[in-house]
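Student: Sequence:
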Amino acid sequence: MTDEATKYSDADLAEFKVIILNKIEKAQSDLDLIKSAYMNDLNNGTDDTSPTFKAFEEGSETMSKEANSQLAIRQEKFIRDLKNALFRVENKTYGVCKVTGKLIGKERLKIVPHATMSIEAKNLQR
Numbered sequence: 001m002t003d004e005a006t007k008y009s010d011a012d013l014a015e016f017k018v019i020i021l022n023k024i025e026k027a028q029s030d031l032d033l034i035k036s037a038y039m040n041d042l043n044n045g046t047d048d049t050s051p052t053f054k055a056f057e058e059g060s061e062t063m064s065k066e067a068n069s070q071l072a073i074r075q076e077k078f079i080r081d082l083k084n085a086l087f088r089v090e091n092k093t094y095g096v097c098k099v100t101g102k103l104i105g106k107e108r109l110k111i112v113p114h115a116t117m118s119i120e121a122k123n124l125q126r
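Counting along the sequence shown from 1, when you hit position 23 you're at 23 in our numbering, and nothing is skipped either side.
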């Protein structure tokens with residue numbers, strides 16, 4: 001029989017829950033900002049003042065909207081991953097590596113709270 005823990009204590013889980021909830025709040029705020037940036041047409045009413053650069057500006061604006069759209073998609077995935085981590089906290093399976101079955105290090109989870117694999121498992125994938 002090993003002394004190695006197979007799950008985090010309720011106190012540890014409560015600490016991780018706070019970290020995750022804070023990250024979700026920040027990520028949602030960032031997502032709202034990104035979405036408002038690409039949904040806003042940013043029209044300052046100067047359409048007729050510089051016709052020479054109009055084509056360049058339209059292309060640039062389109063690229064910017066596409067980039068913001070991609071950022072929004074990534075942010076939505078991040079929020080989903082954080083919510084999944086919150087679910088694992090609630091059912092007390094949080095912090096267990098899906099590959100090795102061992103606990104993921106606390107420091108890693110504090111930095112990457114949605115992690116599902118330990119560094120050891122990540123290195124095995126290379």
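No lab work stands behind these hints: they were computed from the structure. Hints are not guaranteed to be accurate.
Unchecked claim - Label pairs and their calculated CB-CB ranges:
#1 Glu-66 - Ser-9: 40 to 50 angstroms
#2 Asn-91 - Ser-64: 14 to 24 angstroms
#3 Lys-92 - Met-39: 11 to 21 angstroms
#4 Lys-102 - Glu-15: 39 to 49 angstroms
#5 Lys-65 - Lys-102: 41 to 51 angstroms
To be verified - With a straight-line Cα cutoff of 30 angstroms, these simulated DSSO-like cross-link-like pairs (lysine-lysine) come out:
#6 Lys-106 - Lys-23
#7 Lys-106 - Lys-65
#8 Lys-98 - Lys-83
#9 Lys-65 - Lys-17
#10 Lys-7 - Lys-23
#11 Lys-83 - Lys-26
Note that the structure is predicted; figures quoted are calculated from it, not measured. Virtual Cβ for every residue (Gly too), placed ideally from N, Cα, C.
Student: The structure should be examined with respect to each hint, and the outcome stated for every one.
Tutor: How the hints compare with the structure:
1. A hinted range of 40 to 50 angstroms for the beta carbons of Glu-66 and Ser-9 is consistent with their spacing of about 46 angstroms.
2. Distance hint for Asn-91 and Ser-64: a CB-CB separation of about 41 angstroms, inconsistent with the stated range 14 to 24 angstroms.
3. Between Lys-92 and Met-39 the beta carbons are some 39 angstroms apart, a value that contradicts the proposed interval 11 to 21 angstroms.
4. Roughly 19 angstroms separates the CB atoms of Lys-102 and Glu-15, a value that falls outside the hinted 39 to 49 angstroms.
5. For Lys-65 paired with Lys-102, a C-beta distance near 44 angstroms keeps the hint of 41 to 51 angstroms intact.
6. Taking the CA atoms of Lys-106 and Lys-23, the gap is near 16 angstroms; set against the 30 angstroms cutoff, the hint holds.
7. Annotation: proposed proximity of Lys-106 to Lys-65 is violated, straight-line Cα distance about 38 angstroms (limit 30 angstroms).
8. Between Lys-98 and Lys-83 the CA atoms are separated by roughly 17 angstroms; this keeps the pair inside 30 angstroms, and the hint holds.
9. The suggested pairing of Lys-65 with Lys-17 is violated, with an alpha-carbon distance near 34 angstroms, which exceeds 30 angstroms.
10. The suggested pairing of Lys-7 with Lys-23 holds, with an alpha-carbon distance near 22 angstroms, which does not exceed 30 angstroms.
11. With a C-alpha separation of about 13 angstroms, the suggested pairing of Lys-83 with Lys-26 holds against the 30 angstroms cut-off.
Checked against the numbered hints above, the structure breaks hints 2, 3, 4, 7, 9 and satisfies the rest.
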